[in-house]
Each structure stands twice: as C-alpha cells, then as structure tokens.
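Q: Given chain B, put chain E in place with the hints provided.
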Amino acid sequence: MEIIYILISISFLLALGFLTAFIWSVKTGQQSDLVTPAMRILMDDTTSTSEKK
Amino acid sequence: MKEQTVQLEKFSYDNKIVRNFAVATIIWGIVGMLVGVIIATQLFEPAANVTQYGSFGRLRPLHTNAVIFAFVGNGIFAGVYYSMQRLLKARMFSGFLSKFHFWGWQTIIVLAAVTLPLGLTTSKEYAELEWPIDILITLVWVAFGVNMFGTIVKRRERHLYVAIWFYIATFITVAVLHLVNSFELPISLFKSYMVYAGVQDALVQWWYGHNAVAFFLTTPYLGMMYYFLPKMANRPVYSYRLSILHFWALIFIYIWAGPHHLLYSTLPDWAQSLGVVFSVMLIAPSWGGMINGLLTLRGAWDQVRENTILKFMVVALTGYGLATFEGPMLSLKNINAIAHFTDWVVAHVHVGALAWNGFMTFAILYWLIPRMFNTTLFSEKLVKTHFWIGTIGIALYGIPMYISGFTQGMMWKQFTPEGTLQYGNFLDTTLQIIPMHQMRAVGGTLYLVGAIIMAYNLFKTMAQGSLTADEEVEAAPLKALDDVEYKSLHWHSWLERRPFQLLVASLIAILIGSLVELIPTFMVKSNVPTIASVQPYTPLELEGRDIYIREGCVSCHSQLVRPFRSETERYGEFSKSGEYVYDHPFLWGSKRTGPDLQREGGKYPHSWHYNHMMDPTSMSPGSIMPSYPWLFEQTLNTAKTQDKISAMKTLGVPYDAYQIKNAVNHLTSQSKEIQAKLAEEKITVSHDKEIIAVIAYLQRLGTDIKKDQ
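Residue numbers (the numbering used here), protein chains in the order written: chain B, 17 to 69; chain E, 2 to 710.
Since the hints were derived computationally from the structure, they do not count as laboratory data.
Glycine is no exception: its CB is placed at the ideal position from the N, C-alpha and C atoms.
One should not assume that every hint holds.
[Unchecked claim] Reference listing, derived: stretches of chain E covered by chain B, where coverage requires no fewer than 3 residues with Cβ under 8 Å from a Cβ of chain B:
hint, region
1, 68-78
2, 231-238
3, 246-253
[As the list claims (entries may be wrong)] Below, computed lysine-lysine pairings styled on BS3-like, alpha-carbon distance capped at 30 Å:
hint, chain 1, residue 1, chain 2, residue 2
4, E, K604, B, K43
5, E, K385, E, K480
6, E, K90, B, K43
7, E, K414, E, K707
8, E, K480, E, K604
9, E, K334, E, K414
10, B, K43, E, K414
11, E, K100, E, K604
12, E, K232, E, K100
Bound-form chain E, shown alone:
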C-alpha cells in the first residue's frame, strides 16, 4: 500500500447536547423513582392515595413512563450522542436536529406527566400516552434517526464499531414497534380507541412490550457498555468477535419472544410455544454480552476494588446476567403458571431496571460529566456511598418481592384436602405479603436516596468545572477505497455510499405497503364474533369501561381466567378468545394486586359495588384498594357517547344506526334502571353519576357466555 500524506481535518464534538441529556437524565430519574416510592407505599397504605390525580392507577403508568422513557431514555441519548461522535470521529450531523430531539423529548415527558395523572391513557402498558403524543414521539424519533444516520454517513472511521450497530438496531426496531402499537382511532384530542381488539390487541401489545424491553432497555445499553466499559477500564473488550456474534444473534432472536407474556391465555398454543422456544434461545446471546463485559475486566479486578465506577458496571452486568437467565426461566410454562400476575415479575423487571439500566446510567454519568467539565468528581466518597446505598436498595427491593411473588403464587393454587381453595378469599393472599411490600418500599427509598446523592455530587462537579461545549479534535478524512478494494465491491459501491438511506427507505416502503394492504383485512375479520351470545357493550357500559381505563384499574386487576382448576374454582369459567372481540383495547392486565374481574358480573349486588368503590374496607376489611369518592361526585360526560359508539362501529363492532342515534337515550334509561335497583337496596344516588356507569360495566363483565348455559 502506498504511503500518503493525509491532511488531518479539524472539527469538534458537541458536548453541550450530551450535557443537556445528562442533566435531564438526573432530574427525571429522581422524579420517576420518587413516583415509584409513592406507589410502592400505596400498596400497603391506601391512605397514600391522595385525590384522584394521585391514585395508584393513574400514578403507576407515570412511574413506568418516567423511569423508562424519561430516565433511561435521556440516559440513552446522552450516552449515544457522546459515544457515537467519538466512534465515528464526526460531530453530530445537525445541531438543529440535536436540539429538536432534546426539547421534543422533554416536551413529550412533560405532556406525559400532565396527561397521565389526568387519566388520559390508552391503558396499553408502556404505550399509555394518547394519540397526539404518539405522533410527537414519532417525529422526535425520526429526528433522532436522521441525525444518527447523517452522522454515520459523514463519519471519518470506515469501520462501524459494534456499539453503532446496537444503536442502529435500537432506532429501527423501536420505530417499527411504536408505529404498529399506536394504531388508534381518535374520538377527541384526548381519547382514542385501539384499532385492534381482544386477543389481537394483546398480541400486538406484548410483541411491542417485550421488544420495547429488548430494544429500548437492552440494545442501546449493550452498545453503551461496549463503548464505556473499555474506556472506563482502559482496556479493549474481551472479545470483539463475540460482541459482533452476539449482536446479530440477539437481534434476530429477540423479536419472536413476545408471546411468552401471554402463556395460558387464549392465544393459540403454537404461538405460545414459539414464544417459549425463542425465549429460551435468548439466553445464549444475552449471556454472550454479559460474559464479554465481565471478562473485559479480567486481570483488572484490582481496578474494580479501587474504582467505584467500575463497581457500578459490575453490578449492572451481574443484574443483566440474572435478569436474562430468569427471563427464559419465567417463560417456561410451568414456572410461568406460578409467577405470572404476581410480584415475581415485578422483582424480575426491577433487577433489570435498577441494576442493569440504573447502575450503568449512574456509571456513565459519573464518568462523562467530569470529562466534559475538565474536572474531577466533586466527591469520590459520595460515589462510594451511592454505590453501597444503591446496592443494598436493590437487594432490599428484589428479595422481598421474590418471596412475595412466590408466596402469593403458591397461595392462589393451594387446595385443602377436601378439594376446596385454601385461601378462597383473595384478600388473605394480599394481607400475607404486606410486610414484603413494606420492605420493598424501604429498598426503593434507599435507591432513590442514592440517586439524590448522585445528583448533588454531579451538580457540584459541574459547578466546579467548566463545560467544553465544543471539544476540538482532528482526524483524517475517510480515505477513498483504492482500486483493488473498489473492484471487489463494484456492485456494492452504490450501496456503500448510500446504505442507510436505502435501508430506511426500503423499510418504510415495505411497512407502509404491508400495513395499507393488511389492516383493512383483519379489521373486518377480527370482529366476526365466534361466540353468538357475546354482544357489544351498551353505551353506559362502554362509558363505564372508559372510566375503568381512566382510573387504571387494569394496573391491579386482570381480566383473564387461565385454564387452571385453581382459577376456575376462584373466578369461574376460563376465558375464551371470542369473549374479547369487542374489547378495544384489551384489558387483560399483567398483574393481580387484586382479584381477576373477568367473571365479576352478577357476583355481587349493585349495592356491594357502590359501597366497595366508596370505601373498599367496608366490604372487604383490610383491603388495600383505594377508594374512589370522585366517581360519586362527578357527572358522567355523555357529550362524546354517540361519537364513541360510532367510532366502535367504524372499528367493526356491530352497532346499527338506530343504536348510534339513540346512544344517549339508551344510556340514560339503563342508568335509571341501575338507580332504581340501588334504591331497592336503600341507596339513593343520582342516575347521572360516573359510579353508575362503572357498576354497569362491572356487572356486565364476563356474563355473556353464561347466557348459553
């Protein structure tokens, strides 16, 4: 190869955008964790549910969204913007897009923080935000993508380091997931119905939910691990070959594992098994990443003893290893039968979130900020304190929750020698685990205290240093391929120049094409009722269902009776997919803090529900369910009822023109019937209150198939 004198190009890295994302990470992290501690407290102290805007059902999505998209999200962007510029030896493609990305993302977070407590939610886990925010997310995400691919194209380093591959996979897959899971039919600015219904909606949701964990909480963090860990330890990654191998294996396998969230549901068996098989296979590439990370530190464990930042990384990687071992185990049907709907799953996700995501974010922040501010950390001692408080916090969170999950899962299944349920009253199993919930709140609080210590330490660090907003660097431009190389690639040369535009454009084209073609087909087909007695909801029931969604009842109550004797004894006939065909969205839930409600209809008189919603302890002494006094004061808003019925018809629910036209009349007459029934039971209430609609919905639940018997 001939020698060439290469003129070095001078340019600079944009550190300001990294700083902005880092500061946002710190602030939103504390907010998200604080909400977490609040809702953890509500689970043993119902009095902590203050007003309707602070009740568990509305705060729980706020917690999950804040920690996933605000804390981890900003953390990803800080890490990606820092590492990508350096790995590609190029400044970010567009300063404007960087700013748009930053402010757009913060706007989304603020909108989420306002709308979720107001009860504006789609109820789909980790995708609760209503349609206008969904559109904004799409725009901001595209801006991020353009900025990223732009930077890749103008890079000065031909080889794309493995971290970049992880970032690309993150961008593409999250874009597709978000689009597919956000098909909503708007009724107003604040309300929409999912296009999918029942089982189909469930499948889309968990295809999304599982892959959101994969491509939002895993791949970007693996990418960052591959940049920051070698940098922190100042040694190359253990095996670069392994990193490439496990990257491709991971992204190919992850996409198929979603159905493991729906084991023993009404999803077809083959689809469940598909999910299980791929979930079990996932252990290989996941552990490939963990082992590669830990072995990078081989021969450097003396550094780990001294360096707290590396300690954070070790705990993060260990947490990743634990969670990705446990994940495949949990997707085995026999383990899932016990663990599903219990605190076990909560423990599982928090090992991943607190250790893997949280601790790696902390490590990166501690490493990044002094470097960008030309200073050292304000206090090494506080970093150590944070590490130990945080680690104890994780243990105090995880261990009680595993015990709690296992205990409750077993209690639900316990029979007496006579063959009846040992704990026929669901509440017995709830009261059993309250001490564990208290301990969990202590663990969470410790973790939060650690994060606050970090915030203090890092803000002090920033104050004592000064930010190098534009870090001056120089690098050789990307040299053109010489003749020999060029010939070997000739038909690729075009691809070489525009690979990413091609990739994105073709993907978008394919997606639009297939969606346009396929959506109408399944919209029609999906609503062919398979059970004749299953009828659409009445207008009042539909309004009640919307209140059920607004209050986040689905956070604690499932609507899915699995085909186990322990469940059919407790709740009634197991669920059939044909029962959900009018459920836009589905409300199966993923956690039973309270009992399943699929067969709730007709179990109790109206007055029981009335009193129970007013004060749950009056009907179930010791209940941890919050009371819902506002449902008794607020008048049911019927202004949109007709539009809602009409929208449902658009989605394929068989309402006729007469029913749409007389929706409100029908609603009023049904609410008066309920009012009259309540009056017989010596309860006086106006027929236009929200509680009437809720009672109507609850009394309808799961009753249709009983008409056949």
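Chain B extracted, bound-state conformation:
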C-alpha cells in the first residue's frame, strides 16, 4: 500500500502548487478587485461591427 503515500504526496504537491498560485494571486493584487472584472468581460472589444470583413 506504499502507493498511497506517493499519491498523497503528489496530491499534496499539487495542492501546494495551487496554494503558491493562490498566494501569488493575492500578493499581486489579482484578488483585490472582486467586482469590476465581472462587468469588464461584458464589454466588447471588437473594433466595430460595421468594418467586419
């Protein structure tokens, strides 16, 4: 049953990786604004519909 220790280590490493990513995201301000990103995706950035080829 040694495999379980490997799986737990790998799962743990993955979780650790995610944790690092989470800390990174907080420290770099990714999570500082939790309102406008939801609005921003609704704005279309296409140059203009009329000049579409």
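A: Showing chain E alone in chain B's frame:
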C-alpha cells in the same frame, strides 16, 4: 494617478481554430453518442453484438473515450480558445501550436477509434489507450499548455478572470493525472503491462478516474460557464467573489476524494474514510458554482423563457447541481453498499454528462457559431426542438436507470426468511431490469436525434454566414506597474514576470524527482506476497488474462467480493488485498452487468465454460452476454509469451529463469491438459485455440486461497 494617453494596439483573435474545434465537437459528439446507443441496445439484445470488433466489451471504452475526450474534449478546446483570447485580450500565443494541438488531438481520437475495437486496451477505465497513444496525448497536452501559458504571459489584461484560473487548474492537474496513471511497461507496440499491481493499481486508477471527472469534465466547464453564461445573458456573474472562493475550495478538496470509488474494497479503511470525508465536503464548492450560475440569471428569467440557449444552460446547471449532490451521497458507505456496481452509478454519470457537459456544449456551440460567422442561427425553431428532445432524452435515460440500479442493488441483497439468497441466480436480477434498459436506449436515441438536429442547424448556419477567421480588435497594452505598486511587490517582481514558467517548471521538477525516487521502492515492496498460497499466473493463464482484457470482460464483470453476507453467500470468500499482488493491471471492474468472477475458478467444469463462451444462453437461458465464437477459431499467439513473463518478472512477479525460458513449453503442456479434460467431457477442440487460455484463466480465478483451507 496621472493621466496617460495610451496607444491602442491592433491585433486579431484566431477564430479559425475555434471553428475547427467546434466542428470536431459536433462530429465526434454524434459518433460517440451513436456508439452509446449501440452498446445500450446490446444490453438487452445480445444479437446486436456483431463480430468481435463490435462486441460490447470492445465498444464500451470506445463510447466513453469518444464522448469524454472527443466530444467534451474538443468542446473544451473550442470554448477555451474562444474565451481565453477575449479574456486576456490577446491572440493565441502560437498559431503553429494551435494547429498542432488540433490535429494532434484528432489523430489521438482516430487512433483510439481504430485500436479499441481491435481490442488493444490497457483495461483501465478512461485510460484504455495503449502506451504509444499515451505518449502522443502527453505531447499534445504539453503543446496546449505552452500555448495557454504563452497567451497568459502576453496578455493585455492584468487581472486573470476566474475562468482562466479554472483552465490553468485543468491543464496542470490533467497533466499530472495522465502521467501517474500511464506507467506501463511495453511488451510490443500494441501491448503493455501496468507497472502498478492489484490494490495499488486500483488506487492510482481511481485517483485518476475521479480527478479526470473533476478536472476534465468539471473545472473547464465551470470556467466556460463563468465566461459564456454572463455573455449569453448579458449580465455579470451573480458574485465574482463567490466564484473565486469556490474555485480555490474546489481544487483543494477534489484531489482527495478518489478512494470513494473503492469503498468496501481491500483498500485500508482509513483511506476509504478519507475519500468519504472529502467527498461530502465537496458539496459546498460544487453547489457554490451551481448557485452562482443560476443566480446570475436572477431577474432575467423572462429572458430564459424566450432564449433557448439560456434554457440549455439552466438544464446544464441543474444537472450539475443534481450530480454534485448525488456524488457525496453515493460516497456514503451505506448508500454505496447498494448503489456500487449497479446502474445507479451509470445514471449518476449520465446526469452529469448529458446535462452538464452535453447541454452546456450545445449552448456554447449555438452561441459561438453565429457570432464567428456573422450571421444568425439558421433555425431558432430547430434549437427549441433540440432542447425539448434532449431534455426528454435525459429524463428517459436517467429515471429508468435509477429504478434499475436500485432494483438490482436490492435484489442482490434480498434474503428469504430461511436465510438463503432470494435471487440466488444472478440472471434473475438481470432479466428484471431489461425493460429499464430498453427505455434507457430510447432516451439515449432521443438525445442523439437532438444532437443530429443541432449538427444540421449549425452546418446550415455556417453555410449561410462567412467565418471571420481573424477578428480585428484593439486594446491597450498591459501598462507597467507604477512605482508605488512596484515597491509593494518588489520581491515579487520577478515572479510577476515569469510566474507560469516557474509554476510549471517547479512542478515538473518536483514530480520527476519524487517519481524517480519512489517508484523503485514501491515496485519492489508492492510484490511481497502477503498470502503464501497466492502464486503467479502460469503462462497459459496469463495469456488467458490478456484475452480477458482484450475482450473487455471487465466492463461487465467485477473481480471483487465485498465483505457482505449477500456477496459471500453468492460468490464465496470476500477478497483480500494479498490476492491481487500479481495483477498488472488490476481487474476489479466498476459494474456488475454480469456476476462477479473473483471466485469463479473451479465452480463449473471446463465444458461449462466452453459451451457458455460459445453460446451463453445454452448454459444460462435468457443470458444477455454476447457469444465469443472467434475464441474458438483464433489460434493463441504465443510469440510474445516469453516476453510477457519476462516483463512480469521485471515488474517484480517472482518467475525464475527456468520458467521464463520454458514459458511456451509450459503453456503447451497446460493447454493439452485442458484439451484432455474437455475430451473427457465429450468436447473435441484443438489445444492451441484462444478459448483454452480463457478457460485456464477463469478456472484459476480466486482459487489460490482455497489451498489454505
């Protein structure tokens, strides 16, 4: 903050790659669902098993692989390539990698469609493809990752929208899962043995299997939900905060839930309980996502009434809610005791697959394609038709399967007042649920018809519009952080510039390191036999086992007797982990369409198996098992026997040099013994036919521990 005039950069989004993945989604979806309807039919009409290449055992993995990796897979890539470019305000990092990803993935699918009916399979669920294809999958997946991280790095939007986080988690975790579950020792181009054996293999498999559901069927779809649902309804997601919160909670909890697939198996109790606890906890982040999706539509239900695309999304989210409520329930031991190995689990996964994955894919396709083709949908009416046919299809699929699963699960456990099994003959429980299987096939067919209507509608839509292959856009470049911001981040500045390379590189480094260090350790240890009487398979039995794998017997027959009185009465002594130490791969199975075979050895004479494989109904009238006439015609290929034994020795199975050298001789003499036994029972057969090896294997199953008694 000082005003700056920012020069807008002109660039374009690659829509062609999205179109390609979308078309592939439609085509493979229909193929996968069609195979699904065929195998559903085979479960009540054995005559639908046509030739060895079309038998249930070989088509079932084709169905699962086609719908998961071909239909859903291409659907993910279409949705991800579309939304990611827009969320990051950047064109895909590399046009070449996009193309490589697309054609590579289609090649994998075609290879799967060829090899699986040929019986080339590892037998591990959702990881059946043989080792060369596994390597190709790795390459294509890495290409996808590089393309994704490249795009993230050159983005013009500093904030990574929550969908992007879901995509990153998908990429990383699927990569790790695939690597860990693909450790195979090749014997030839078409055959390999799993490095892991028995319980260990089972644990790796369901760690993989469960997380494949989590990170292939769930996280990318949640990500797409967070992009496409607000876009479709033209309103922001209900709570962006909740989306972030449930994302992190979900990915931290999901990884630990795998052992719930192995309750009451020989896995240690603490590991089973760990799986249960985390599975129950999962309900919170899962429902967080569902509620967030549904509440996004608050105040917009009038739109839902008018807009069929939103209707698809509502059914998808409802299906997700149902499946993620049911999942934790099914992982409770007392419910699992009834539901496991029955159609209940089949119903559970199909609610997830048909509603959550299928319906969201349809909604996205209906939304995407007219936009990229500068047109409107060819027919709104057909979209409505599709929606209703599909929804009825899901109901007609799900409801009978729940009834079937519950019925059979209870029948297996039913005792008479005298204390004997009420339904001692397994076949009685099979025949009871045949009407439910017929109804399920009707439901599946309706769902397929819906998908075909969609294909017609969408291809007509594409024909009437014209694709904007490169959608011109402009956006401000990512502005450098000003001094104050920069100072607050100083030691992060390096990380800020290269976070993803760092993440990937460190992960790979850690994984390689730990694998190199650990694999040799457990390869040796895992094969210390814990039960003295358990011996390795003879060469003939091993060849028989490989045929058992080739024919996909494991799709319908488990090899795991759980420690319940109802099972020990029916099958015999419950399973011990020490019995599986030479099983590369393990063959516990996950479904009992037929009875468990763990204690099959010695139950019947050779002639019974001979006749049963030739025509199952001759021994069990009414049986729905297909017949296997080709096993009686094909000569057993012994060219690789010696290599196989030798490979097993490499994996730690204690064969000695003499046994390896004389493998074929030993095989021949054992097959002649079986031939002679059959002759006593008035059956004449040549000793070199495949059926002899199958009989040898079946008669060996579970007999070793009886020697102790």
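Q: Is it true that the CA of E:K90 sits at most 30 Å from the CA of B:K43?
A: holds (23 Å)
Q: Does the alpha-carbon distance linking E:K604 and B:K43 stay inside the 30 Å limit?
A: Judged against 30 Å, a Cα distance of about 65 Å means the pair is violated.
Q: Just to make sure I understand the rule, a stretch counts as covered if three or more of its residues have a C-beta closer than 8 Å to a C-beta of the chain. Does the region 68-78 of chain E meet that for chain B?
A: violated (count 0)
Q: Given the hinted pair E:K232 and E:K100, is their alpha-carbon gap at most 30 Å?
A: Roughly 27 Å separates the two Cα atoms, so the pair holds.
Q: Are the Cα positions of E:K414 and E:K707 separated by 30 Å at most?
A: holds (25 Å)
Q: Does the structure keep E:K334 and E:K414 at a Cα separation of 30 Å or less?
A: holds (15 Å)
Q: Closer than 8 Å, Cβ to Cβ, for at least three residues: run that test on the region 246-253 of chain E against chain B and report holds or violated.
A: holds (count 3)
Q: Hint check: E:K100 vs E:K604, CA-CA at most 30 Å. Holds or violated?
A: violated (56 Å)
Q: CA of E:K385 to CA of E:K480, is that 30 Å or under?
A: Violated, because 46 Å separates the two Cα atoms, which is more than 30 Å.
Q: So if I understand the rule, the pair passes when the alpha-carbon distance is 30 Å or less; does B:K43 with E:K414 pass?
A: Violated, because 56 Å separates the two Cα atoms, which is more than 30 Å.
Q: Is E:K480 within 30 Å of E:K604, Cα to Cα?
A: At roughly 75 Å apart (the allowed maximum being 30 Å), E:K604 and E:K480 break the hint.
Q: How about the region 231-238 of chain E: do at least three of its residues have a C-beta closer than 8 Å to a C-beta of chain B?
A: holds (count 6)
Hints 1, 4, 5, 8, 10, 11 from the earlier list are contradicted by this structure; the remaining hints agree with it.
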